[in-house]
Amino acid sequence: LKQKEMRNVTNILIVNLSFSDLLVAIMCLPFTFVYTLMDHWVFGEAMCKLNPFVQCVSITVSIFSLVLIAVERHQLIINPRGWRPSNRHAYVGIAVIWVLAVVSSLPFLIYQVLTDEPFQNVTLDAFKDKYVCFDKFPSDSHRLSYTTLLLMLQYFGPLCFIFICYFKV
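Residue 28 in full-length UniProt numbering sits at position 28 of the sequence shown, with consecutive numbering throughout.
Hints were generated in silico from the structure; no laboratory data involved. Errors might be hidden in some of the hints.
Unchecked claim - Simulated DEER-style distance windows between Cβ atoms:
| # | residue 1 | residue 2 | range |
| --- | --- | --- | --- |
| 1 | A95 | L150 | 13 to 23 Å |
| 2 | F167 | L106 | 32 to 42 Å |
| 3 | Y146 | E117 | 16 to 26 Å |
As the list claims (entries may be wrong) - Lysine to any residue pairs mimicking SDA-like chemistry, simulated, CA-CA at most 25 Å apart:
| # | residue 1 | residue 2 |
| --- | --- | --- |
| 4 | K49 | Y35 |
| 5 | K49 | S104 |
| 6 | K4 | R84 |
| 7 | K136 | L153 |
| 8 | K49 | S139 |
| 9 | K168 | G157 |
| 10 | K49 | M27 |
| 11 | K136 | C28 |
| 12 | K130 | F43 |
| 13 | K130 | L109 |
| 14 | K4 | G82 |
| 15 | K136 | Y146 |
| 16 | K136 | T32 |
| 17 | K49 | Y131 |
| 18 | K130 | H40 |
| 19 | K49 | A95 |
| 20 | K168 | V67 |
| 21 | K136 | E45 |
| 22 | K136 | L159 |
| 23 | K130 | V34 |
| 24 | K136 | F53 |
| 25 | K130 | F33 |
The beta carbon of each residue, even a glycine, is placed where N, CA and C say it ideally should be.
With these hints in hand, go ahead and build the complete structure from the sequences.
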């Protein structure tokens, strides 16, 4: 966005969307690929916590960037002479999205653990010193509440919003 005429709301939001998708490609896909192939976690405790956190942040930022793009398109088509989002609105929206994404992803930093529990009763040498990375919430109800919140926040809410914006167009 070095050229001034390229700095518009849509392009600003697309750059943000691209950045969050790039974050997934760099920080999440390689780790998930290796973890799936090896069937145990080899990246240490810090990455065990950081990887799902970054993944959740990235997904939240991506979907809400799409929501803001839908709102902007809706305003430009339905109400071309009315209120239009400005570049400043786009930057504020992006900041709000990132804060919301980080806050909603914090449980991954708190409850993600690296453990050898699944391998403790296995006597085969192949499973010695192997670890898995998974969430360990205080209770099943906490896990259910959080995953339901994420489902609403990352899927149903944005889906309804985008559907309404594009249905009216």
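For this session: Run the structure past the numbered hints and jot down the numbers of the failing ones, going up.
Result: 22
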